[in-house]
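Trainee: Listed below are the residues making up each chain.
2 protein chains.
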Amino acid sequence: MSKKAVVLLSGGLDSATCLAIAKSEGFKCYALSFDYGQRHAVELESARKVAAAAGVEKHVVIKIDLTLWGGSALTSDEISVPAAGSAEGIPVTYVPARNTIFLSFAAAWAEVLGAKDIFIGVNSVDYSGYPDCRPQFIKAFRDCINLGTKACDENWSFEIHTPIQYDNKAQIIKKGLALGVDYSLTHSCYNPDESGHPCGKCDSCVLRQKGFAEAGI
Amino acid sequence: MSKKAVVLLSGGLDSATCLAIAKSEGFKCYALSFDYGQRHAVELESARKVAAAAGVEKHVVIKIDLTLWGGSALTSDEISVPAAGSAEGIPVTYVPARNTIFLSFAAAWAEVLGAKDIFIGVNSVDYSGYPDCRPQFIKAFRDCINLGTKACDENWSFEIHTPIQYDNKAQIIKKGLALGVDYSLTHSCYNPDESGHPCGKCDSCVLRQKGFAEAGI
Numbered sequence: 001m002s003k004k005a006v007v008l009l010s011g012g013l014d015s016a017t018c019l020a021i022a023k024s025e026g027f028k029c030y031a032l033s034f035d036y037g038q039r040h041a042v043e044l045e046s047a048r049k050v051a052a053a054a055g056v057e058k059h060v061v062i063k064i065d066l067t068l069w070g071g072s073a074l075t076s077d078e079i080s081v082p083a084a085g086s087a088e089g090i091p092v093t094y095v096p097a098r099n100t101i102f103l104s105f106a107a108a109w110a111e112v113l114g115a116k117d118i119f120i121g122v123n124s125v126d127y128s129g130y131p132d133c134r135p136q137f138i139k140a141f142r143d144c145i146n147l148g149t150k151a152c153d154e155n156w157s158f159e160i161h162t163p164i165q166y167d168n169k170a171q172i173i174k175k176g177l178a179l180g181v182d183y184s185l186t187h188s189c190y191n192p193d194e195s196g197h198p199c200g201k202c203d204s205c206v207l208r209q210k211g212f213a214e215a216g217i
Numbered sequence: 001m002s003k004k005a006v007v008l009l010s011g012g013l014d015s016a017t018c019l020a021i022a023k024s025e026g027f028k029c030y031a032l033s034f035d036y037g038q039r040h041a042v043e044l045e046s047a048r049k050v051a052a053a054a055g056v057e058k059h060v061v062i063k064i065d066l067t068l069w070g071g072s073a074l075t076s077d078e079i080s081v082p083a084a085g086s087a088e089g090i091p092v093t094y095v096p097a098r099n100t101i102f103l104s105f106a107a108a109w110a111e112v113l114g115a116k117d118i119f120i121g122v123n124s125v126d127y128s129g130y131p132d133c134r135p136q137f138i139k140a141f142r143d144c145i146n147l148g149t150k151a152c153d154e155n156w157s158f159e160i161h162t163p164i165q166y167d168n169k170a171q172i173i174k175k176g177l178a179l180g181v182d183y184s185l186t187h188s189c190y191n192p193d194e195s196g197h198p199c200g201k202c203d204s205c206v207l208r209q210k211g212f213a214e215a216g217i
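Chains as they are written, first to last, in the working numbering: chain A, 1 to 217; chain B, 1 to 217.
Derived by calculation from the structure, the hints in this document are not laboratory data. Treat the hints with care, as some may be off.
Treat identical chains as interchangeable: a pair holds within one or across any two.
Taking lysine to aspartate or glutamate and the EDC-like style, the derived pairs with C-alpha atoms no more than 20 Å apart in a straight line are [said to hold, decoys possible]:
| no. | residue 1 | residue 2 |
| --- | --- | --- |
| 1 | LYS201 | ASP77 |
| 2 | LYS150 | GLU88 |
| 3 | LYS201 | GLU78 |
| 4 | LYS63 | ASP35 |
| 5 | LYS150 | ASP126 |
Computed from a predicted structure; not experimentally measured.
Whole structure, please, built from the sequences with the hints as guidance.
Mentor: Right, here's the structure in full:
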């Protein structure tokens, strides 16, 4: 019997690759997405397509409203999405504590499923400005849920897999293509127009284009 | 100028006391509650009354659906709330990773508000069976958000205050009364009837009654 894993799936290319890697490692995958009031909610349509194409056991979309307090270009109309490369330090597209929230829900679902494995497509090459994408945060979160769940009393532990942590975009794309990921299903743009078309200018668009170019696609 | 704090507020007596303590320490309080599909959603009406009586700066109720996966007597109709004292180990009223989820949202709001202080009314005397109420979990969570938020880059840190961690129910009630908490506004029962009346039998009811008796009320 294969083991279960909860896989965070945004609908972008990183998480689509991460899901393909989890599958290739033999996990039965439970995909988890969030409708959090993001400017680019169109990515959820991509998440549904990617989850279906991968043949996940189940795909759950959790609705949470992070526009209640905003604080990010992705969750507040008062902050614009900047053109690529303009950020110093933590970008304004950082959503406060977003990955902590996402991983908390993933841990909850995993605990109920009896899954000990969680996959998240964080990356510290292209997005090193996001504190909640760094390895030291992921390790601290793992330690935290291993104390704050049944794992603590039942003497087992969660593992948080970050299979693309140290890859650049081109490496991620090559890994995904080798596993059959259809990147045409994915969405990356932070600031799409009303029809869902990518802006071509934001960090996420530019990194995606650069990645495909470098991967020779 | 007084400092801001985010205070988790369930509507029960522990969190009402915790809010009163935060206020007494001079914090401007931002109360955060969750409509998570709990069996005892009537507690949210109590949370609103407690927040208003305490004169908080703002009270936000976040809607999240933890019945999507259940796994607890509080979030699944398939698991009954047991009579008090019947639990061995972790009680079935434990909601997987609930405090991790709640604290994640608290950290997000705190980060946006510029608040470095979070209050939570966890207690390891009466509820020692809940892994996410223990001091080692709270410390691990603090370490985690100090790495996964702007705190990491801006060289400041969150503090998570647990002012009733080591108190028994009678001690909590005495502290609250000294600070003017009106406990008639609070709700504790896990399994109220349709009118919101407490069952008088669950752990939460029994601990509350015992607490008031021991406090001489």
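Trainee: Hint by hint, note whether the structure agrees.
Mentor: Each hint, compared with the structure:
For the identical chains of this complex, LYS201 and ASP77 are intra-copy neighbours only, at 18 Å inside a copy versus 49 Å across copies, given an alpha-carbon limit of 20 Å. Taking CA atoms no more than 20 Å apart as the test, LYS150 paired with GLU88 passes between copies only; the shortest distance there is 13 Å, against 41 Å inside one copy. In this assembly of identical chains, LYS201 and GLU78 lie within 20 Å of each other by CA distance solely inside one copy; the values are 19 Å within and 50 Å between copies. Within a single copy, LYS63 and ASP35 get their C-alpha atoms as close as 5 Å, and across copies as close as 12 Å, so both meet the 20 Å cut-off.
Taking CA atoms no more than 20 Å apart as the test, LYS150 paired with ASP126 passes between copies only; the shortest distance there is 18 Å, against 35 Å inside one copy.
The structure meets every hint from the earlier list without exception.
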